[in-house]
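Trainee: One letter stands for each residue in the lines below.
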Amino acid sequence: MKNRIVENWLTNTNELSYQIPFCQILIAKGYKLLHVTRHGPFEQGKDVIAINKDGIPCAFQLKGGDITLSDWRNFRGEVEELLDLPIVHPSLHEGTPHESYLITNGQLSEEVRREIDDRNRVRKSENKPILHTIVKGELVSDFNLHFGEFIPADIPDLSEFLKLSLHEGEANLDKQAFFEFLKGLLNKGLAGKRKNVGKIINTINSLVVITSYLLASKYKKKNHVAIIDGWVLVLSLVFQTLEKYSVPKDKYESTVRLVFDAILLQSQALVDEINNREHYVEGNPLHDVPYYKPRITILNGYLAAYGLHLSFLKREVPSEITSFLDKTTKQIVSLGESMIPFFINLVLFRKLIGNRDHSEILLAHVIISILQSNKPLHEQGFPDPYLSVEDTVQWYINSEEMNVREYINGSYTLKSLVLLLVTLQRKDLLEKLWRRISYIQFIEYFPEEQYDLYEWNNRDTGKLESRFPVQTQSWSELVETANTDYSLEIPSMMKKYPEFIPYFICTFPHRVKPSMVLYMNSLIQEPN
Amino acid sequence: MLPDFPREKRELSKLLMKIFTNSAFGEMGPFEGMPSMTQHEGRQSSYSTVDGVIKQQDYQATAVEYQVLYSDIPNMTLQDVVALIQQKGKEMGGQMSQYFFKVFTQTVDEVGNNFDAKGRPLSIELLHETLEKLEIPFDEDGNPSLPKLIVSPSMGPRIEEMQKNEKEKPEYKEKYAEIMARKKKEWDEKQNSRKLVD
Chain X
1 MKNRIVENWL
11 TNTNELSYQI
21 PFCQILIAKG
31 YKLLHVTRHG
41 PFEQGKDVIA
51 INKDGIPCAF
61 QLKGGDITLS
71 DWRNFRGEVE
81 ELLDLPIVHP
91 SLHEGTPHES
101 YLITNGQLSE
111 EVRREIDDRN
121 RVRKSENKPI
131 LHTIVKGELV
141 SDFNLHFGEF
151 IPADIPDLSE
161 FLKLSLHEGE
171 ANLDKQAFFE
181 FLKGLLNKGL
191 AGKRKNVGKI
201 INTINSLVVI
211 TSYLLASKYK
221 KKNHVAIIDG
231 WVLVLSLVFQ
241 TLEKYSVPKD
251 KYESTVRLVF
261 DAILLQSQAL
271 VDEINNREHY
281 VEGNPLHDVP
291 YYKPRITILN
301 GYLAAYGLHL
311 SFLKREVPSE
321 ITSFLDKTTK
331 QIVSLGESMI
341 PFFINLVLFR
351 KLIGNRDHSE
361 ILLAHVIISI
371 LQSNKPLHEQ
381 GFPDPYLSVE
391 DTVQWYINSE
401 EMNVREYING
411 SYTLKSLVLL
421 LVTLQRKDLL
431 EKLWRRISYI
441 QFIEYFPEEQ
451 YDLYEWNNRD
461 TGKLESRFPV
471 QTQSWSELVE
481 TANTDYSLEI
491 PSMMKKYPEF
501 IPYFICTFPH
511 RVKPSMVLYM
521 NSLIQEPN
Chain C
529 MLPDFPREKR
539 ELSKLLMKIF
549 TNSAFGEMGP
559 FEGMPSMTQH
569 EGRQSSYSTV
579 DGVIKQQDYQ
589 ATAVEYQVLY
599 SDIPNMTLQD
609 VVALIQQKGK
619 EMGGQMSQYF
629 FKVFTQTVDE
639 VGNNFDAKGR
649 PLSIELLHET
659 LEKLEIPFDE
669 DGNPSLPKLI
679 VSPSMGPRIE
689 EMQKNEKEKP
699 EYKEKYAEIM
709 ARKKKEWDEK
719 QNSRKLVD
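Those protein sequences? They're chains X and C, same order as listed.
Here the first sequence is numbered in this note's numbering, starting from 1 and rising by one per residue.
Here the second sequence is numbered in this note's numbering, starting from 529 and rising by one per residue.
In case anyone wonders, no lab produced these hints; they're calculated from the structure.
Please note that a few of the clues may not be correct.
Keeping only pairs whose Cα atoms sit at most 27 Å apart, straight-line, the calculated DSSO-like set for lysine-lysine is [what the hints assert, rightly or not]: (1) K697/C x K375/X; (2) K697/C x K712/C; (3) K53/X x K128/X; (4) K53/X x K32/X; (5) K616/C x K630/C; (6) K375/X x K583/C; (7) K646/C x K718/C; (8) K697/C x K713/C; (9) K375/X x K618/C; (10) K537/C x K175/X; (11) K463/X x K583/C; (12) K175/X x K542/C; (13) K432/X x K711/C; (14) K199/X x K220/X; (15) K375/X x K661/C; (16) K193/X x K251/X; (17) K163/X x K537/C; (18) K661/C x K695/C; (19) K697/C x K432/X; (20) K718/C x K427/X; (21) K432/X x K712/C; (22) K542/C x K163/X; (23) K616/C x K375/X; (24) K251/X x K293/X.
If you're wondering where the values come from, they're calculated on a predicted model, not measured in any experiment.
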């Protein structure tokens, strides 16, 4: 059964989707990963570069599906680059010989196999390295060998597994169901009294592979944001586990980097798609009307997260990000607190690229939208961050069906936004808004353990606090609060990988806390 | 299993929950329009009052029970189900309303906002005296948010008589306008403390 599940997945996926689990197989076999492609023109035929257990560099080119003679002729040039161009990487001496592998999740036709054999014979006689191949059957065996035990076989688990993996590709990810399913697998993997590092790492690595499978339908439809959410969810679980059990860095670094690569690959794919589109409508245009601006806002949030992520890693930020944000700046909307993280990322990104004025305008806009919806003595509230973006949009469409009394006079995100405005020194704006702000309770959830922040929901632990702001508020006290060092309140893995936070708040909007937002803000260096 | 209708039942469940909730809120009298908040996480919570006092949240369980025998089902109609749900909703609303009155009374006693009429009958003068004691909020357009008057049904004729007197005697209107002007001034002065200072 498990064999059939893996085979079914591999048969129906493309090379982008199986790339990460393939890398996980390499890690399981003791390879050290050096590079995973972003599919640019300078990759020289090498999608993955790794060093095997014997210290020999290996380069892999991944293809999807059965390879016919005509396919082979189309990419033979890339294979020659794979074989003959040396690997250029800071970790390797110039001219170090390497082994070359062509990987496919399908089969090689008889003609292709014969041609590869013939060419290898000639290359061997000329003392040149030969091309190795790995096809579907070997991939299935490898996956089963290293991660087969984590594929659910019990009917309830298998049913949920199939439901998630067959989930509509175009739909947004059911984040809670996804997280809880992975959490269930994690708990099973770690069951038992002995939790040695090997067992923990093996379980985490398997989760990464399973995630690829679960996201198959999203990869098929190139649903970039849903794919990013999936990887952020699994990384959140991974970080929680690593913190809980204090796992040493050298044991997990490869896997963590792999997941970040998956996130970055999709983010770049999102940028590429936006760049190539004439419009941003999806499906029937008339039906799309109420969903268009929320979509643009989501895109703004995730692209700003990508920009922040790259800049925290001191990498170049694609100019297409800023172009898109500039083009769509008047189309973004704040309908509920689950959309506030998108604005937070935008505010910080604008600050990063030197558009401070724009940051201030954005912040003021989003604060006012919370205040407008929370006017004292008025009836309609502003949906809290536990209501997903999709449900928030439906809340407005079906407003007579919803409990509008529920979200009045309290906000989970307002305090973070106010303190961000303080860091921008806009006392004048806050003076005008303070009276209305003072009517809204600042609501914040405090987990029992720091690593509980990675959890989707902590029903049974932690405490919720609702506090009215001080009515007569001192500006200098606000400044002191905004400039406090919050690093002690940030979970340790987020401090090690702060580039995770912009994506984390998009996927987990209910985790926006003043400490997290101000910590991110403290990492922003504005240009001179 | 036997043929079933899971998708349709999910829709019916939502509809019945809406009927239940509406029935419950219908029993809550003056608390019907009260804002509510769902606690999604945590096993404790605390809140601050407008005056800055921190209070721990007490949780009060409310529940209603119902029993339906399998043997009843063949003879029941959808109207019977709706009637049952409405009845249970009202019971739930009644329980919640009792609890809210209890909390309301405790809060009023703590704040000192209770007013002893010392046996005097309900009158416009008494209402005016009560208004003097209360804090009355005003919206941005200057409209007061007046308290609700909750009396027993037997007071109906008395209320009608009071309304008639109020229309016929201009001094009542003048007194009311004077009280509202004073309350607006008090409210504005209090709200002026909501500001950012150095």
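Trainee: Would you mind marking each hint as holding or not holding in the structure?
Mentor: Hint by hint, here is what the structure shows:
1. K697/C x K375/X: Distance of about 36 Å is beyond 27 Å: violated.
2. K697/C x K712/C: Holds, at roughly 24 Å.
3. K53/X x K128/X: Roughly 22 Å separates the two Cα atoms, so the pair holds.
4. K53/X x K32/X: Cα-Cα ~8 Å, so holds.
5. K616/C x K630/C: Since the Cα atoms of K616/C and K630/C sit roughly 21 Å apart, the hinted pair holds (cutoff 27 Å).
6. K375/X x K583/C: holds, 24 Å
7. K646/C x K718/C: violated, 31 Å
8. K697/C x K713/C: holds, 25 Å
9. K375/X x K618/C: Violated - the C-alpha atoms of K618/C and K375/X are around 30 Å apart, more than 27 Å.
10. K537/C x K175/X: holds, 25 Å
11. K463/X x K583/C: holds, 13 Å
12. K175/X x K542/C: Holds, because 22 Å separates the two Cα atoms, which is no more than 27 Å.
13. K432/X x K711/C: At roughly 24 Å apart (the allowed maximum being 27 Å), K711/C and K432/X satisfy the hint.
14. K199/X x K220/X: violated, 32 Å
15. K375/X x K661/C: Given pair K375/X, K661/C holds - Cα atoms ~25 Å apart, limit 27 Å.
16. K193/X x K251/X: holds, 21 Å
17. K163/X x K537/C: Holds, at about 20 Å.
18. K661/C x K695/C: Holds. K661/C to K695/C sits at ~24 Å (cutoff 27 Å).
19. K697/C x K432/X: Given that 27 Å is the threshold and the Cα spacing comes to 44 Å, the pair is violated.
20. K718/C x K427/X: Judged against 27 Å, a Cα distance of about 22 Å means the pair holds.
21. K432/X x K712/C: Between K432/X and K712/C the Cα gap is close to 21 Å, so the pair holds against 27 Å.
22. K542/C x K163/X: Roughly 23 Å between the alpha carbons, so the hint for K542/C and K163/X holds.
23. K616/C x K375/X: violated, 34 Å
24. K251/X x K293/X: Distance of about 43 Å is beyond 27 Å: violated.
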